[in-house]
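Protein chains in written order, with my numbering: chain A, 1 to 340; chain B, 341 to 618; chain C, 619 to 928.
Note that these hints are calculated values from the structure, not bench results.
Incorrect hints may appear among the rest.
Computed, partial: chain C to chain A, Cβ under 7 Å [claimed, not checked]:
id: 1; residue: T702
id: 2; residue: A770
id: 3; residue: W774
id: 4; residue: S777
id: 5; residue: E814
id: 6; residue: G870
id: 7; residue: E889
id: 8; residue: F890
Glycine residues also receive a C-beta, built at the ideal position from the N, C-alpha and C atoms.
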Amino acid sequence: MSFHFKHAAAAALVAALAAPLGFAPVARAADVSLLNVSYDPTRELYQQFNKAFAETYKAETGKTIEIKASHGGSGKQARSVIDGLEADVVTLALAYDIDAIADKGFLAADWQKRLPDNSSPYTSTIVFLVRKGNPKGIKDWNDLVKPGVQVITPNPKTSGGARWNYLAAWAYALKHNGGDEAKAKAFVGSLFKNVPVLDTGARGSTVTFTERGVGDVLLAWENEAFLSKKEFGDDKFDIVIPSLSILAEPPVAIVDKNVDRKGTRAAAEAYLKALYTKAGQKIAAENFYRPRDPEIAKEYEKVFPKIDLVTIDDPAFGGWRKAQKTHFSDGGVFDQIYAN
Amino acid sequence: MSVSPIRDEPTPVKWAIVALAVIFIGLFILLPLINVFAQAFVKGWEAYALALVEPDALAAVRLTLLVTALSVTANTAMGLVMAWAITKFAFRGKSFLITLIDLPFSVSPVVAGLVFVLLFGAQGYFGPWLIDNGWKIIFSWPGITLATVFVTFPFVARELIPLMQEQGTNEEEAAVTLGAGGWRVFTRVTLPNIKWALLYGVLLCNARAMGEFGAVSVVSGHVRGETNTIPLQVEILYNEYQFQASFAVASLLAVLAIVTLVAKTVLEARLNARGRGH
Amino acid sequence: MSQAESTAESPSVPARAVPDHPALLTPLPRGDASGWRGHSVIPGFNLTLGLTLLWLSLIVLIPLAALFVKTAELTPEHIVNILTSTRTLNALKISFGLSLVAAAINLVLGAVIVWALVRYDFPGRRILDALIDIPFALPTAVAGIALTTLYAENGWIGSWLAPLGIRVSFTPLGILVALIFIGLPFVVRTVQPVLEDLDHELEEAATTLGAGRLTTIRRIVLPAVLPAFLTGFALAFARAVGEYGSVIFIAGNLPNVSEIAPLLIVIRLEEFRYADATTIAVTMLVAAFILLFIINGLQRWSETRTGRAG
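The shape of chain A in the complex, shown without the other chains (with noise of 0.2 Å):
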């Protein structure tokens, strides 16, 4: 027994010492390595986006670049950088989520000017993702309130797309009862009475709904929707688009402490530089974003429905700082709605 026992003992020690040693994980040999650190559905745009950066990056310098990448919930993706997440870039679904970030003095307060349209290379917005020729009939954001309708939303406390996805119930809301918050509030309550299933990110809402069967109606990012058409085939799914929906500007920043730190801030700038060149613009078109740029937005006009979006800075929200803290902070609208 003793023999044996001394076989098994120093086959487990060598497996335990070996499987370190022959796999630790190595430094790769690229010159540069940057962290996208990024929100749940850009997973697809940014594995396109980042072989193709890295492609221009050798020929135009020469060196060879890694670019690695962390998805979530936008604003789980915020915490784990202000919990020390090396970012070298952030791409989140909204401003606050890097305001956030900002705050605890990550980087500038006033990051947002310093790339063109709001640092937001790319845009999307919200629309609806109801199954095969949409039995339950719906059109706008009126039917999503009516009894026996399953509505599928993250949940807007850990996800960029469901604040989007709130804040656009709520303009609906206002619009059609002529500005009476009161009412706006009540709406949006009865929208989310209608939701079954709060999961804490975009991409766990899709995959409720798509692959799980659960709902009558996705709310989500258009680029969202799109994909799912694609994934799962257009027999599957339709997109409805409500007669309004709010324009969702995902931004882009680079954290200046993690880059100077790492001296990374040339490679960094020169990552997020390349969302707006026309290449990148192409790429955020192909994965359902909308690009920024005109001539490339022409292109793929064909693509992107027409609606009518409100922003952020409409005075019924007031920026993302305000929304967040009416509507999202603790004891804040979102949370009167779900108390009850």
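Add chains B and C to chain A, keeping to what the hints say.
Then chains B and C, alone, in the frame of chain A:
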């Protein structure tokens, strides 16, 4: 296992009980395991293999092996030390000490991750100092290892303590009287007596270390190809519409579970054999 | 014969909390009564106890202390506010409530399974016995996605339940299923060795004296295995309360309906609300501590009751 027919219930009752047990274990316990493999192979062998050699999946396997090797080694060494201190000596407060060692069993994995963020996060107690000195703990392999060590803390010690307690200290005392030093007593007298229980504890520690999700999720940062362990990679793929790939990677852990079960059964037979020998 | 098979330490329950040996509870067995430790000729006391305390402090105590320190920074009103908010209360209610239900179900099903495994011989018994440990060995995230797929409306089991109007995945029922899954081995593995060790002669004597089968079970078997059942129940409960990985996939995570306390901790963390996260965490930690002591006491009771550990 002696099963005496004398105490049997009436045959119909007996079969009802057996049937209930079989159905329940089949539906609740076995089916999920089978489901993992069914989903993993839903697109055939080729897709299965492709999912496993994908660079991010390989990186996750490497990280998991590294973290597991470190935390199992640490907990094995310290498990032996703790068991020795507790079972070979008499002192006050021993019972309380054992309760403290057990504590990580009942702490939610999420809380286990959270405490390390509080300590080593950039906003935490030691975080700013660590960052200034270029140490990366949270969102890197050291933090993931720490969280794993925490959740697997009691496994080895808890297997050893009852056995070493039962065996008492006579053999060690005799060896010391005969002039053997501490290390020699440990390797020649104690270790042979506890080897199967030790291996058993290591096995359980290993299974938990490889599969830990909650604690690791909080401290990982989810950087692809760098800070994702196998369970986190499973979650990421699952959230990326890549269900088959997700289950393919998950099947690695399911295989680990099966290997653990088989090894456990073998070890238990050994332990029982030893018990009978006494 | 079967008594000899099952050793007192019953290695099959990895997470049994404190299978405390009664020897530990009795006063110091030998040595001087004046000091805090008994005399021993075995070397290494200072070294090993020192290392034990150091390791325990570094990995467990200091990190957990940080949690208390962080929470202590809050005012009592703030703490009360956090704990009495609807969302927190509901999350705690869901976690503790469903864990209690799951543990109770495991108690009943565990009893059936243990009885079948210990008392009957049937083909496949050994395999069935080995399968009990799957929830121990299968990582929680894997269990989570497997159960979710299984019980979703288009899953193997879910598609059978859907026509009956029963939805499991993404409802509190799904949480229950996950908690039953992870908790079952605790009940079975705690009770199994006790039932195996039970002196059959008592039952035979009772039968000889004319007691019916049910009476024998109620009067002889049940009292003997009751402490073990309660221990298994408490262990399953403790594990379920803290469970995260297997639940979040299947739960639906709807605030106030299917949001468990560990998930709320994560969400609060993601919302930058550290105070909330640590307060809920401390609450759960205290609950875990209390549970540990209860389990501890139960196990001692169990051992003195059955005299197994002697």
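| Which hint numbers does the structure go against, in order from smallest to largest? | 1, 3, 4, 5
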